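Novice: For the record, the sequence lines run as chains A and B. Note that my numbering has the first sequence beginning at 86, numbered continuously upward. Note that my numbering has the second sequence beginning at 86, numbered continuously upward.
Keep in mind the hints are simulated off the structure, nothing from the lab. Bear in mind the structure is a predicted one, so any value in this text is a computation, not a measurement. A few of these clues could be false.
For chains that are exact copies, the list does not tell them apart, and a pair is met inside one copy or across any two.
Claimed, not checked - With a straight-line cut-off of 25 Å between C-alpha atoms, the simulated SDA-like cross-links for lysine to any residue are:
hint	residue 1	residue 2
1	LYS222	GLY166
2	LYS287	GLU309
3	LYS188	TRP234
4	LYS287	ARG379
Number of protein chains: 2
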Amino acid sequence: MSVLVVGSVALDTVETPFGKRKDILGGSAMYFSVAASYFSDVKLVGVVGEDFPERGVEILKRHNVDITGLQEEPGKTFRWGGKYHTDINHRDTLFTDLNVFEKFSPKIPNSYKNAEFLFLANIHPALQLEVLSQVDKPDLIVTDTMNLWIDTTLGDLKKVIQKTDILLLSDSEVRQLMDEPNLVKAGRALLKTGPKYVIIKKGEHGAMLLNADNVFFAPGFPLEDIKDPTGAGDVFAGGFVGYLHQSGAITEKTLRQAVIYGSTLASYACEDFSLDRLDKLTLDDINGRFKVFRDLTAFEV
Amino acid sequence: MSVLVVGSVALDTVETPFGKRKDILGGSAMYFSVAASYFSDVKLVGVVGEDFPERGVEILKRHNVDITGLQEEPGKTFRWGGKYHTDINHRDTLFTDLNVFEKFSPKIPNSYKNAEFLFLANIHPALQLEVLSQVDKPDLIVTDTMNLWIDTTLGDLKKVIQKTDILLLSDSEVRQLMDEPNLVKAGRALLKTGPKYVIIKKGEHGAMLLNADNVFFAPGFPLEDIKDPTGAGDVFAGGFVGYLHQSGAITEKTLRQAVIYGSTLASYACEDFSLDRLDKLTLDDINGRFKVFRDLTAFEV
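Given these sequences and hints, build the entire structure.
Specialist: This is the structure:
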């Protein structure tokens with residue numbers, strides 16, 4: 086009874102208007118796992134180098150994340166560096182040192198193969214296909230991607246999308262992928278290529294959940310101080326997939342709630358660097374903000 | 086018992102991916118008046134040239150808009166030309182011929198002076214101040230503005246804002262005006278300079294209503310085909326101010342409903358060129374879409 090995630094584990098160097106941090110814990114699988122752990126058991130597949138700090142393992146263990154599938158390889162851990170602008174919705178990537186991630190070949194342990202939900206974090210589509218070839222048919226496959234793969238690996242990406250139940254991507258990515266500027270039109274066109282649902286992430290403007298019949302909008306939480314938005318998309322995915330798994334049903338009702346739980350966790354994650362805020366949440370924190378989200382869009386008919 | 090609007094009346098030449106139209110009815114006061122007319126009596130102040138077509142007067146009369154204050158001056162009517170990109174959220178202004186609007190000096194007829202609500206559409210802040218000096222204290226002053234005045238006439242603009250109850254501006258305008266990229270922070274800072282409420286218009290991402298204590302988000306309506314977004318902001322204002330006036334109370338409840346009525350009318354207006362769709366709405370159309378808006382953000386707690 087668990088959620089399987091395959092993605093990156095990284096050490097990030099991040100500068101925002103609120104400060105600078107070197108070699109802090111990051112990576113899509115890391116952010117996803119801790120977020121999803123508030124709702125479900127999580128099994129992680131990823132790779133780290135010999136220099137991966139003990140605190141990285143400790144935080145995963147503290148959140149009961151199964152790290153049987155976390156490989157350690159000779160060399161250094163994947164590192165990413167970025168600097169956010171004064172307008173924190175924009176950032177520049179300063180460096181990307183793939184290190185051990187360059188030759189990452191995901192291996193799904195036998196003990197993972199019964200995971201009901203699979204989250205394919207944003208890694209090379211060829212690796213996502215490798216993962217899909219190793220799992221028994223999961224009940225739900227949720228996939229994340231990025232503009233780089235639309236530019237460079239469109240063929241493999243389309244194969245992944247065809248096998249995906251719920252696809253997550255940003256507004257600019259869905260426009261680029263479908264060559265259609267209208268988000269609803271682009272999303273509806275994308276639905277014809279495989280996924281049952283598409284979630285369009287709009288950064289500060291929130292997220293849109295779309296299927297053939299319905300549209301649901303979640304607002305961005307009105308945070309006045311965003312210390313570090315790194316990983317917010319992966320945290321959103323973790324809250325979304327984790328809650329959906331815990332709910333025991335995949336319906337319009339639970340999907341909408343899951344989008345709000347994802348938004349809730351993502352908003353908390355932005356309040357501090359790395360996993361610092363995410364690590365210390367309580368279920369009261371989470372359910373409290375979930376209810377605040379209700380009031381943000383409520384009006385009387 | 087009416088709403089007074091002072092703004093532009095124009096003939097627009099508009100090109101969008103859906104077609105091209107020459108000398109179609111436009112202008113902020115025109116769009117506002119027709120939208121607000123679905124809820125309240127409207128009194129218009131503006132200026133046209135000798136070439137203003139009879140169909141322009143007819144549509145205002147059809148919507149019971151009082152045009153005692155519509156001056157006709159020697160010369161041509163204000164003309165604006167714009168071309169929208171394939172991504173219809175972006176446009177280029179091709180020309181702006183002020184014509185009779187260049188020497189416009191708003192005169193408020195005596196019969197208008199008891200209007201309870203005043204909408205200052207986006208005109209030169211010095212003209213907005215002229216209007217304010219001519220009216221008895223209205224119950225509510227709602228003001229629109231644009232980046233041009235932030236760049237060129239900041240002193241007068243600040244005087245107008247100081248006297249304004251509800252200020253409407255776009256996300257880029259509030260960021261520029263307050264030199265603060267965070268929308269909530271920028272909006273809250275703006276509230277300290279006069280207005281009781283700020284409405285931040287976010288185009289396709291909807292609108293945000295903000296006061297010192299509350300935040301309310303209205304989503305953008307998921308239109309698949311936007312034929313012509315010209316005037317959407319003025320139509321939003323018309324629906325917002327018109328409904329608020331009709332409701333008879335200015336509370337958090339009616340303000341939120343008014344934002345949704347404004348969004349409803351703006352979404353209809355985008356479905357055709359000029360005032361073509363707006364002209365033909367029924368209250369059933371309006372109330373039907375108002376309820377659809379409810380479902381767009383609804384989730385169970």
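Novice: A separate judgement is required for each hint: does it hold in the structure or not?
Specialist: Now the hints, each set against the structure:
{"no.": "1", "hint": "LYS222 / GLY166", "in the structure": "neither (36 Å within a copy, 57 Å between copies)"}
{"no.": "2", "hint": "LYS287 / GLU309", "in the structure": "both (17 Å within a copy, 17 Å between copies)"}
{"no.": "3", "hint": "LYS188 / TRP234", "in the structure": "within (17 Å within a copy, 56 Å between copies)"}
{"no.": "4", "hint": "LYS287 / ARG379", "in the structure": "both (19 Å within a copy, 20 Å between copies)"}
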